[in-house]
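Protein chains: 2
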Amino acid sequence: MLILGIETSTFAGSLALIKDDFTLCEYNFNFGPKHNEKVVPAIKWLLKEANVKKEDLYGVSVASGPGSFTSLRVGISTAKALAFSLGIKLTSVSSLEVLASNIVATEYQICPIINAKKNEVYYAFFNNKDELGRIGDDSFISPEGLCEKIKEKTVFLGDGLIEYEELIKERLGSDALFAPSNLNTARASHCALLGRDKFLRNEFDDFTTLVPNYLRKSEAEIKHGLK
Amino acid sequence: MLILGIETSTFAGSLALIKDDFTLCEYNFNFGPKHNEKVVPAIKWLLKEANVKKEDLYGVSVASGPGSFTSLRVGISTAKALAFSLGIKLTSVSSLEVLASNIVATEYQICPIINAKKNEVYYAFFNNKDELGRIGDDSFISPEGLCEKIKEKTVFLGDGLIEYEELIKERLGSDALFAPSNLNTARASHCALLGRDKFLRNEFDDFTTLVPNYLRKSEAEIKHGLK
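Residue numbers (my numbering), protein chains in the order written: chain A, 1 to 227; chain B, 1 to 227.
Among the hints, erroneous ones may be present.
The calculated lysine-lysine pairs, modelled on DSBU-like cross-linking and capped at a C-alpha distance of 30 Å, are [to be verified]:
id: 1; chain 1: A; residue 1: Lys198; chain 2: A; residue 2: Lys169
id: 2; chain 1: A; residue 1: Lys38; chain 2: B; residue 2: Lys38
id: 3; chain 1: A; residue 1: Lys198; chain 2: B; residue 2: Lys169
id: 4; chain 1: A; residue 1: Lys117; chain 2: A; residue 2: Lys34
id: 5; chain 1: A; residue 1: Lys129; chain 2: B; residue 2: Lys149
id: 6; chain 1: A; residue 1: Lys117; chain 2: A; residue 2: Lys149
id: 7; chain 1: B; residue 1: Lys129; chain 2: A; residue 2: Lys169
id: 8; chain 1: B; residue 1: Lys48; chain 2: A; residue 2: Lys19
id: 9; chain 1: B; residue 1: Lys151; chain 2: B; residue 2: Lys118
id: 10; chain 1: A; residue 1: Lys223; chain 2: A; residue 2: Lys198
id: 11; chain 1: B; residue 1: Lys19; chain 2: A; residue 2: Lys34
Chain A regions said to be covered by chain B (calculated; three or more residues, Cβ under 8 Å) [said to hold, decoys possible]:
id: 12; segment: 26–32
id: 13; segment: 39–51
id: 14; segment: 79–89
id: 15; segment: 140–147
id: 16; segment: 184–195
Source of the hints: derived by calculation from the structure; they are not laboratory data. Idealized CB from N, CA, C, for every residue including glycine.
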């Protein structure tokens with residue numbers, strides 16, 4: 001089962017090809033808002049590197065949010081276009097779950113945070129001693145409100161730390177642990193592996209209906225009174 | 001400080017560009033013994049993707065072993081040739097330390113293992129609650145001997161698990177934890193970050209003298225009675 005993983009929930013992006021649970025190759029990049037320019041050529045490059053044809057893909061697994069609206073749209077549009085044009089399966093996974101997968105074999109709570117602008121972060125709680133377990137739903141909150149929820153040692157990771165690491169350190173002291181810098185971005189190999197679990201459970205998305213999981217309304221929706 | 005990380009200690013390879021402690025891009029690949037064919041073109045591709053020139057590199061950090069003799073030679077030869085031709089700094093880091101860096105924020109002991117053939121593995125022990133700490137030197141041992149050394153919960157990772165995961169499970173039971181499949185290969189972003197720490201401490205290697213850290217003699221050395 002050859003799967004392409006696409007992760008573009010923030011300014012960092014990641015693409016990966018997995019064959020069953022084996023990661024053939026993965027490209028992680030963090031060049032700012034350039035996904036539209038980078039993603040499709042990089043997919044072509046990875047397929048060539050791995051010496052596989054696009055027609056050999058069983059499916060594509062895409063991180064569907066929450067995250068940066070524009071970044072998510074690029075990844076999801078690409079995934080839907082591939083599913084449509086190649087006639088392959090499609091599934092979507094939570095961006096926060098993909099990010100949380102960077103932390104394993106820990107007894108601490110895991111809290112991935114993505115900057116949601118307007119002094120809020122997208123977040124969820126997980127644990128991962130033997131395998132990733134979700135404690136609550138994906139949601140959004142102020143960083144101050146998030147700190148108030150935390151009553152135990154917690155590993156934080158994600159691009160929300162760029163703006164809020166100092167605040168979290170100040171509020172939580174030694175209860176807050178932080179991953180090294182290169183674990184603050186999500187990996188498409190995890191996105192593909194989580195998607196594989198869904199494919200094996202026959203959980204598919206439809207390219208005619210899949211939309212990003214923004215959690216909040218976009219600026220444009222608020223401005224124009226759209227649902 | 002722009003640094004190229006090169007990690008080719010096993011059949012899996014990884015290349016990364018970091019700018020200070022920020023990972024610009026990283027390419028992980030696992031295509032078998034093809035490093036000689038893949039490494040230099042992929043470095044060229046990453047530099048182009050990141051829109052930086054090879055002349056902008058401050059230095060190169062290479063994983064110098066222990067690991068697969070042939071794979072290591074490709075990475076180290078490439079790193080030395082770049083240091084020589086571009087006149088940039090060179091440093092080397094332990095392959096086992098790069099691999100161990102995949103596991104963070106844990107209270108468990110970390111044991112990266114790389115298959116050393118002849119029923120032996122290269123291994124070392126680390127911990128990583130707040131930052132990576134080394135417990136002992138890089139060494140080699142039979143997998144059975146390794147299990148006898150372990151008296152506490154330990155996270156195993158690395159390509160040594162392909163052959164020895166079942167044996168470790170059988171001997172250690174619930175004291176053995178295993179990382180998901182895509183954390184069993186080392187990341188060049190970690191290699192570059194560890195190299196950056198060395199550069200900042202003015203710890204450099206010399207391209208005229210750097211050799212792989214094989215720990216054991218190669219088959220050719222044994223056969224021809226070389227030192």
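Tested hints:
For the hint pairing Lys198 of chain A with Lys169 of chain A, the CA-to-CA distance comes to about 36 Å; that exceeds 30 Å, so the pair is violated. The suggested pairing of Lys38 of chain A with Lys38 of chain B holds, with an alpha-carbon distance near 21 Å, which does not exceed 30 Å. With a CA separation close to 27 Å, the supplied pair Lys198 of chain A and Lys169 of chain B stays within the 30 Å bound. For the proposed pair Lys117 of chain A and Lys34 of chain A, the alpha carbon gap of about 19 Å is at most 30 Å, so the pair holds.
Proposed proximity of Lys129 of chain A and Lys149 of chain B is supported: the alpha carbons are some 23 Å apart, at most 30 Å. A threshold of 30 Å between alpha carbons decides the hint, and for Lys117 of chain A with Lys149 of chain A the separation of about 20 Å falls inside it, so the pair holds. In summary, the hint linking Lys129 of chain B to Lys169 of chain A is supported, as the alpha carbons are separated by about 16 Å, within the 30 Å threshold. The hinted pair formed by Lys48 of chain B and Lys19 of chain A meets the criterion: a straight-line CA distance of about 28 Å does not exceed 30 Å.
With a CA separation close to 25 Å, the supplied pair Lys151 of chain B and Lys118 of chain B stays within the 30 Å bound. A threshold of 30 Å between alpha carbons decides the hint, and for Lys223 of chain A with Lys198 of chain A the separation of about 36 Å lies outside it, so the pair is violated. Among the hinted pairs, Lys19 of chain B with Lys34 of chain A is consistent with the structure: their alpha-carbon atoms are about 18 Å apart, no more than 30 Å. Here's how the segment 26–32 of chain A fares: 6 of its residues keep a CB closer than 8 Å to some CB of chain B, so the rule of at least three is met and the hint holds.
Residues of the segment 39–51 of chain A lying with their CB closer than 8 Å to a CB of chain B number 5, which satisfies the three-residue condition for coverage. For the segment 79–89 of chain A, the stated coverage by chain B is violated: 0 residues have a C-beta nearer than 8 Å to a C-beta of that chain, whereas at least 3 were required. Counting residues of the segment 140–147 of chain A whose C-beta sits closer than 8 Å to any C-beta of chain B gives 0, which falls short of three, so the coverage hint is violated. With 5 residues having a Cβ less than 8 Å from any Cβ of chain B, the segment 184–195 of chain A passes the three-residue criterion, so the hint holds.
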